[in-house]
Amino acid sequence: MKTKVINTHAFYYLFASLVFVCLPHLNHLPLWSLAFIGTTIVIKLRAIYIEKLTIPKWIVVLMTIGAVSGILLEYSQLFGRNAGITLLVVMLFLKLLETQTYRDGMLLACMMCFLVITNFLFEQRILMAAYLFIGVIAITHSFIKLNELPNTNTKKLEWPVYATKITLFALPVMVIFFIVFPRIPGPLWKLPIDHKAARSGLSETMRFGSIGYLALSNEPAFRVEFKGERPKQNELYWRGIIMEEFDGDIWSENKANVPAPNYITSGPSYEYTITLEPHNKKWLFALDLPTNTSTLAGSQFNHRYQLTNTEDIEKLKRYSLTSQTNYIIDRELSDVSRIRNTRIPINSNPRAVAFAKELRSTSKNDLEIIQKVLTHFRQEEFYYSLRPPQLVGDKIDEFLFSSRKGFCEHYAGSFVFLMRAAGIPARVVAGYQGGEQNALSDYMIVKQADAHAWAEVWLPSVGWRRVDPTAIISPSRIEGNVDEALDNSENPRFTLAYNNPALKSMRLLIDSMNHNWNQWVISYDRKKQDQLFKKIGLKYNASNAVTALTIFISLLFLIFYYFTVNKKDKKNISEKHQKLYEKFTLLFANQAIVKVEHENAIQFSARASEKFPYLKNQIATITEQYNMLEYANKDQHKLLDKLKNNIDKLETVLEKK
Amino acid sequence: MSINPVKPIKTLFQKRFDKWIDKRIPLQTEQLKLSRKSIYILPTKFGFLFGLILVAMLVGSINYEINMGFLLTFLFSAIFFIGMLQSYKNFNTVTLAPQPIKPVFASENVTVNFLSLSKHITFNTAIQIEKQQAYHNLNEKSLVPITIKGYKRGIYRINKIKLFSIYPMGHFYVWSWFKTDLEIIVYPQPKAISNTEQISKTNKVGENSSQRKGSDELYSYKHYQAGDPIQRIAWKKTAQTGKLHSKEMSKLISDDYYIDWHQFSHLATEERLSLMCHLVLDAHNRNEMYGLILPDVEINPEHSEQHKHACLKELASFGDYED
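Protein chains in written order, with the working numbering: chain A, 5 to 661; chain B, -10 to 312.
So that you can see chain A by itself, here it is in the shape it has in the complex (with noise of 0.2 Å):
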């Protein structure tokens, strides 16, 4: 059997379950291996419409080294995330070319199971799930089609309707399991180096544009959930990145890391849970200004005040925070401090230069300047734009005294550009500004778009204090968002359909689903288990978790059996209250009254009652009784018994005449 060529329908379910398992590795994939994946496709196809030519196998075997050259070539490995699965693709569409028998395919539908996991490396949100759950329907199709008979089923195209059955019973098993499997923490082992793909976000430099650029996505950074009180919408500052460092042109971290000194917090506090998506940086993002760093695992809180952690986040993560938004920061600044915070480029943006020293000479402290250069802002044409004019040269310079036009980043860079030029230690600070609130499901979501820049001066016995020169140029930003700021030309979301109120539900429906999702499914851990078990009383350790399996599996071998057994009892209770009725009427037929082929029970008992009219009672309930068992849909033991004694008195009457 397992030498038998391969079922046809079999063969054509195997391709499209493999072309659909492995479309989302599609970016993953190099080009090179994409046109070979393509090649074998078409060969593959080519074959079977000339009448399924056998593939002769030294093509294979040369497709074979020629994929495996360009995989070392590419990643330099075999192993580690993308060097495998471009290996696991290319592998198994070449053995798609070179299924013949049963066994060839059985081979290939269960390395396929093993691609659909792969997928989760890169991805494991709620849509990526749902499509693989397509994914996982369609190879369990392709088992059944493999060992069905060639003819058992003609239509051409079918509703896999079994494999569905299959699938959804396996998904309250798989709920149960996946709730009370330990969770163990960390690597078994190391796991092999990998490049990561890029993802969109923020990154540790800036200059003009970076910021605007990721005004245009909606992809979410983080999603908040409020314990209780919330800030205002103007108080939602997210840090993230702190720039000191500045070339001309880009703005960048100082690498230094040193533990952050005591700081002073005050005013009311707000705890908050952050679920932030993977990002392939270390920041943690949190409210300005996180009191109870300590009680993160793995973070650090350095003398910048930014949270990191020791990892790169490479996976959703959640955390809890408490902030306060009154702190005073570094009260006194170290010399190191103050010189790498007030340098700026020699031969830099001269005007600016210059009318910083101006606004220096005419102040009589460094709070009249800041006042003097945000009132400038004010009351010049200066206007908020995610498309300003390409700016050469001296940027600064150029925006401040010529476009003037320009998103956040502009407004943060020249500010702290203007504070340093002044003598006033000023650097850049850049995260979210804002957020989303989600009525549907009482959590914020902070996207891309939210992205912001904005500055920190530092001032004697006041320390480092925020200044967002956007507040002042667009305050709507800071009340609202970027899409209040902005004008309707350049807003990217500006379109009917964006704001349409049923489509907002429905967006934040998607949304919030997608929360839940990150919450219980991606994040679970530990901590949620034993929140889980509390629920229900228990306490989560290995003989609960083991009881809990237990009696479920037991629950389902159960229900198995009665569906199984059952059916089979019912035939035999079909059978056998036929048997019983055959051999009333053959208690007749020795009195000379048989039943006839097409007369029903009821004539019978007509017929049979005027012969025998003092048995008219017992012959009317008998045949009551089998018409009952004949047309009931339950089975009835007990109803069976009955018919079996009334039958059998009956014969001992008769028997004595």
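The set of hints was computed from the structure by calculation and includes no laboratory data. Some clues are possibly wrong.
[To be verified] Using 30 Å as the maximum straight-line C-alpha spacing, the simulated DSS-like pairs for lysine-lysine come out as follows:
id, chain 1, residue 1, chain 2, residue 2
1, B, K302, A, K169
2, B, K78, A, K642
3, B, K138, B, K120
4, A, K99, A, K48
5, A, K321, A, K539
6, B, K108, A, K642
7, B, K168, A, K580
Fit chain B to the given chain A structure using the hints.
Then chain B, alone, in the frame of chain A:
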């Protein structure tokens, strides 16, 4: 010829295993119905491979800490086990009624038919007799044939039938054994001998021929006895003798055709039987009466289908060849 030491041990174990299995198989003659006791299930090679892949997925999920990986692993595991239950469920409603087997001539194919009586369709199930397999979907009231090749002359008994299936997922192999007492009759291959050694019809008039009381021709007269049919009254004789006479009729058997074993003593056994078989068929086709004489059996001449089969069966079972 070297002796393989492994083989004898294997056959020893095989024998003991077969004995153990035999004890557990119930004898069923009229209908082959599966009982829970005698259904066995084990994973196939692909089942084991699938299990291995599941373990690999589980380990990968733990290692990379991907919860979706867990979800998928558990989903596939559940499908795996449900597949097992489905394999069992597909199989356990099998009810087959073996039909009487039509006798064949040697080296023809024997077709054993089973009538499927179960209300549920059993998919992709194989019946195995003597290493021959036939795969069918067992549908209610359908005939399920299996063809066995290459029997030599003789009468065979089918003791054991194996039924198995790997539907639906191919991960589990479900099987069961039945004991039966089906009989296969294989007639010898009819072979005519072209040369003149074939002896023509023998006139066995003499001690073996007899004129027996029949109804076709006048044999003799007897005195009328009460109850004799009136049509049989011999009026002429009665007129002659004055006493009532009736006729006794007889069939003139001048040609008693016997196919005799002893006549072909110059041939080898099988050839002899083949020739005799040919002669039987020949005589039958010419609508003649024929009898059969074998060393231990004598069948009187008749002409009918049953008679033909009886004769052929005797030829088949000559020498008590039994499997």
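Right, here's what the structure says about each hint:
Straight-line distance between C-alpha atoms of K302 of chain B and K169 of chain A comes to about 54 Å, which puts the hinted pair past the 30 Å bound. Restraint check for K78 of chain B and K642 of chain A: satisfied, since their Cα atoms lie roughly 27 Å apart, inside the 30 Å limit. With a C-alpha separation of about 10 Å, the suggested pair K138 of chain B and K120 of chain B falls inside the 30 Å cut-off, and the hint holds. Pair hint K99 of chain A plus K48 of chain A holds up; C-alpha atoms about 11 Å apart against a cutoff of 30 Å.
Annotation: proposed proximity of K321 of chain A to K539 of chain A holds, straight-line Cα distance about 24 Å (limit 30 Å). Between K108 of chain B and K642 of chain A, the direct Cα distance comes to roughly 24 Å. Compliance with the 30 Å bound is thereby established for this hinted pair. The hinted pair formed by K168 of chain B and K580 of chain A meets the criterion: a straight-line CA distance of about 25 Å does not exceed 30 Å.
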